[in-house]
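Visitor: So the sequences go chain by chain: A and B. Counted from 1, the first sequence has number 12 at position 12 by UniProt numbering; the numbering is strictly sequential. Counted from 1, the second sequence has number 41 at position 41 by UniProt numbering; the numbering is strictly sequential.
Note that these hints are calculated values from the structure, not bench results. One should not assume that every hint holds.
Ranges between beta-carbon positions, derived for each pair [said to hold, decoys possible]:
1. T125/A <-> P189/B: 37 to 43 Å
2. D30/A <-> R85/B: 50 to 56 Å
3. K5/B <-> K20/A: 37 to 43 Å
4. R85/B <-> V130/A: 34 to 40 Å
5. D30/A <-> I194/B: 43 to 49 Å
6. P138/A <-> P189/B: 55 to 61 Å
7. R85/B <-> G48/A: 38 to 44 Å
8. P189/B <-> K16/A: 44 to 50 Å
Derived BS3-like pairs: lysine-lysine, alpha-carbon spacing no greater than 30 Å straight-line [unchecked claim]:
9. K83/B <-> K170/A
10. K124/B <-> K170/A
11. K5/B <-> K193/A
12. K84/B <-> K114/A
13. K84/B <-> K20/A
14. K84/B <-> K6/A
15. K43/A <-> K20/A
16. K247/A <-> K124/B
Examples of chain B residues toward chain A, derived with CB under 10 Å [stated by the list, open to error]:
17. R10
18. N88
19. S91
20. R97
21. R106
22. Y130
23. N140
24. K143
25. Y187
26. H188
Each residue gets a CB set at the ideal place from its N, CA and C atoms; glycine is no exception.
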Amino acid sequence: MKITLKIWRQRDCQSKGEFKEYHLDKVSKDMSFLEMLDTLNIKLIKQGDLPVEFDHDCREGICGQCGVMINGIAHGPLKNTTTCQLHMRSFNDGDTIYVEPFKASAFPIVRDLKVNRSALDHIITSGGYVSVDTGQAPEANSIPVTFEQAEAAFDAAACIGCGACVASCKNSSAALFTSAKISHLAQLPQGDKETSTRVVSMVNQMEEEGFGHCTNTEACEVECPEGISVLNIARMNYEYNRSRLMKK
Amino acid sequence: MIFIKNSVTRKNLMAITGLFLSFFLIIHLLGNLQLLLPAAEAQLQYNSYSHLLGGNIVIKLVSYVLYLCILLHSIDAIYLSFKKRRANGTSYSYDRRGRASSWYSRNMMALGIIIFVFLVIHFKDFWYHYKFGELPVDTNGNKDLYTIVVVAFEQLWYVVLYIVAILALGYHLLHGVFSAHRTMGIYHPMYNRIINIVGKSFAVIITIGYIIIPLFLYFNLQS
Ligand code: HEM
Ligand code: FES
Numbered sequence: 001m002k003i004t005l006k007i008w009r010q011r012d013c014q015s016k017g018e019f020k021e022y023h024l025d026k027v028s029k030d031m032s033f034l035e036m037l038d039t040l041n042i043k044l045i046k047q048g049d050l051p052v053e054f055d056h057d058c059r060e061g062i063c064g065q066c067g068v069m070i071n072g073i074a075h076g077p078l079k080n081t082t083t084c085q086l087h088m089r090s091f092n093d094g095d096t097i098y099v100e101p102f103k104a105s106a107f108p109i110v111r112d113l114k115v116n117r118s119a120l121d122h123i124i125t126s127g128g129y130v131s132v133d134t135g136q137a138p139e140a141n142s143i144p145v146t147f148e149q150a151e152a153a154f155d156a157a158a159c160i161g162c163g164a165c166v167a168s169c170k171n172s173s174a175a176l177f178t179s180a181k182i183s184h185l186a187q188l189p190q191g192d193k194e195t196s197t198r199v200v201s202m203v204n205q206m207e208e209e210g211f212g213h214c215t216n217t218e219a220c221e222v223e224c225p226e227g228i229s230v231l232n233i234a235r236m237n238y239e240y241n242r243s244r245l246m247k248k
Numbered sequence: 001m002i003f004i005k006n007s008v009t010r011k012n013l014m015a016i017t018g019l020f021l022s023f024f025l026i027i028h029l030l031g032n033l034q035l036l037l038p039a040a041e042a043q044l045q046y047n048s049y050s051h052l053l054g055g056n057i058v059i060k061l062v063s064y065v066l067y068l069c070i071l072l073h074s075i076d077a078i079y080l081s082f083k084k085r086r087a088n089g090t091s092y093s094y095d096r097r098g099r100a101s102s103w104y105s106r107n108m109m110a111l112g113i114i115i116f117v118f119l120v121i122h123f124k125d126f127w128y129h130y131k132f133g134e135l136p137v138d139t140n141g142n143k144d145l146y147t148i149v150v151v152a153f154e155q156l157w158y159v160v161l162y163i164v165a166i167l168a169l170g171y172h173l174l175h176g177v178f179s180a181h182r183t184m185g186i187y188h189p190m191y192n193r194i195i196n197i198v199g200k201s202f203a204v205i206i207t208i209g210y211i212i213i214p215l216f217l218y219f220n221l222q223s
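Let the hints inform the model, and build the full structure from the sequences given.
Guide: Here it is, written out as C-alpha cells:
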C-alpha cells in the first residue's frame with residue numbers, strides 16, 4: 001500500500017518543530033507501525049537525511065517505551081494497543097497519517113517523536129515502592145492474599161508507564177499513571193502499610209513535575225493500552241483525602 | 001485558601017462548592033415552581049414566600065454561604081485552568097483526542113462562564129431589584145416580585161437567554177455531579193454506577209424543571 005506520512009520533525013526542545021511530508025510506496029499491511037517507520041528511516045539514511053527519532057524497546061507491548069500521537073490519538077486508532085502493536089492493516093491504501101510526539105510541559109521533546117518521560121520515573125521514585133528489608137526470600141504463603149485482591153492489584157499494576165494518559169488528557173494530567181501505582185500497592189498487605197505517606201508524596205511529586213489536574217473526562221482510560229481503570233484515580237483521591245484529614 | 005497549590009485539594013473544594021450549589025438548585029426550583037400556579041393565587045403565594053425567605057436569618061446565612069461558594073468555585077475554576085494551560089505547553093497540530101470523551105466534560109469552563117454571566121444578569125434583574133429597588137406591593141402588602149418576574153418573561157429574548165443558560169447548567173451538571181464524587185474519592189464500582197445514574201437523572205430533571213418555568217410564563221402570557 002501507498003502511504004503519505006506527515007511526521008513532526010524537531011531538532012530539540014528549544015527549536016520549533018513542524019510536519020514534514022514523506023511518501024512510502026511498498027508498505028505491507030502486516031508491518032507494525034514501527035516497522036513502517038524503520039522502512040522510512042532506511043530510506044532517509046540512504047538519501048543521506050537524518051532518520052526520524054522515536055522511542056521503542058520490546059516491540060511487544062509490554063515495556064511502554066513506544067508511544068506517539070498517530071492521527072491525533074495516542075498510540076493510534078486501535079484501542080488498547082501500544083504503537084508497536086499497531087499494524088498497518090489499521091490503515092488504508094493512500095492514507096495520509098499524521099505522526100506527532102506526546103506533548104506536555106512535563107514531557108520535553110528530545111528530538112522528533114522522542115520525548116523525555118523522566119517525570120513519570122520521578123513520581124515512582126517518590127513513593128511507588130514497598131520498603132522491605134532485603135535478605136532471604138520470605139515464605140510465600142506467610143501473608144495471605146486472596147485471589148480477588150491479587151487480581152485487582154494486578155489490574156492496576158498492568159500500567160506500562162507509556163504516558164498515553166498524559167498525552168490524551170486535555171489537562172496533561174498524570175492522575176491515571178500515579179493512581180495506578182498507588183492503587184496497586186494499596187490493595188496488597190505489603191504495600192498498604194505505607195499508603196498514607198506514599199499517596200501524599202506521590203501526589204506532591206506529580207504536582208511538582210508540572211502535570212495538570214484531573215477533570216474526570218475519562219479520556220485516559222479509553223486510550224490506555226492496558227485499559228487501566230479511572231476508578232484508580234478516585235481511589236487515589238480517597239487515600240489522599242483520608243491521609244490529609246486523618247493527618248496520618 | 002487562595003494559596004493552596006495542590007490540585008487534588010483544589011478540586012475537592014470545587015467539588016464541595018459545586019455540590020452545595022447543586023443542592024441549592026433543588027430548593028430554588030421547588031420554590032419557583034409556585035410560579036406555575038393560577039395567576040391570582042401564584043401572585044400572593046409567591047410574594048409571601050419571597051417575603052418569608054427575605055426575613056429569615058437562617059436563609060440569610062445560607063445565602064452568604066451560597067455567594068461564597070460561587071466565588072470559591074469560580075476562583076478555583078480560573079486557578080486550575082491557568083495551571084492546566086501551563087501543564088499543556090504547546091498544543092497538538094493535529095488533534096483527534098476528542099473521540100475519547102464527551103464535549104461537555106471538556107468544556108466545563110466554557111459552560112461555567114455562560115452560567116456566571118447568566119448569574120450576573122439574574123441577580124441584577126431579580127435579587128438586586130427585589131432587595132434595593134422600588135417595588136409595588138400586592139394586596140397582602142408584600143413586595144410584588146411575581147409581577148416583575150412575569151413581566152420579564154413576556155420578552156422572547158429573555159426567555160431564550162434563560163433557556164440557553166439552563167441548558168449550559170444542565171450540561172455542567174451532567175458531568176459535574178458525577179465528577180465531584182470521583183474527585184472526593186468514591187471508587188467502588190457499584191457506587192459509581194449508582195452515582196452516574198442518579199447524577200445524570202438529577203441534571204436532566206433540574207434542566208427540565210427550570211426550563212418549564214420561562215416557557216410556561218411566556219406561552220401563558222401569549223394566550
Ligand atoms: C449554579 C452554578 C454551578 C453549579 C451548580 C456548579 C456545579 C459544579 C459541579 C458539581 C462541579 C464538579 C466538581 C468536580 O468535578 O469535582 C463543577 C465543576 C466545575 N465548574 Fe461549576 N458549577 C456552577 C457554576 C460554575 C461557574 C460560574 C463556573 C465558572 C466560572 C464553573 C466552572 C466549573 C469548572 C471549570 C469545573 C471543573 C470541571 C471539572 O473539573 O471537570 N462552575 N461545577
Ligand atoms: S516498544 Fe515496548 S511497548 Fe511498544
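Visitor: Hint check: is the beta carbon of R97/B less than 10 Å from a beta carbon of chain A?
Guide: With Cβ-Cβ at 5 Å, under 10 Å, it holds.
Visitor: Are the Cα atoms of K84/B and K20/A separated by 30 Å or less?
Guide: holds (29 Å)
Visitor: Taking the CB of R85/B and the CB of V130/A, does the distance hold inside 34 to 40 Å?
Guide: Holds, since R85/B and V130/A (Cβ atoms, about 37 Å apart) stay within the stated range.
Visitor: Holds or violated: the 43 to 49 Å window for the beta-carbon distance between D30/A and I194/B?
Guide: 46 Å Cβ-Cβ, so the 43 to 49 Å window holds.
Visitor: Quickly compare the C-alpha distance for K5/B and K193/A to 30 Å and report which way the hint goes.
Guide: holds (27 Å)
Visitor: Closer than 10 Å between Cβ atoms is the bar; does K143/B clear it against chain A? Give me holds or violated.
Guide: Violated, about 42 Å.
Visitor: For the hint on R10/B, just tell me whether its beta-carbon gets within less than 10 Å of chain A.
Guide: holds (7 Å)
Visitor: Holds or violated: the hint that H188/B contacts chain A, with Cβ atoms closer than 10 Å.
Guide: holds (8 Å)
Visitor: Going straight from one Cα to the other, do K83/B and K170/A come out at no more than 30 Å?
Guide: holds (12 Å)
Visitor: Does Y187/B meet its interface restraint, that is, does its C-beta lie within less than 10 Å of any C-beta in chain A?
Guide: holds (4 Å)
Visitor: Mind checking the hinted window 37 to 43 Å against the Cβ distance between K5/B and K20/A?
Guide: holds (40 Å)
Visitor: For the hint on Y130/B, just tell me whether its beta-carbon gets within less than 10 Å of chain A.
Guide: violated (36 Å)
Violation of the numbered hints given earlier is confined to hints 1, 2, 6, 10, 16, 22, 23 and 24; the remaining hints are satisfied by the structure.
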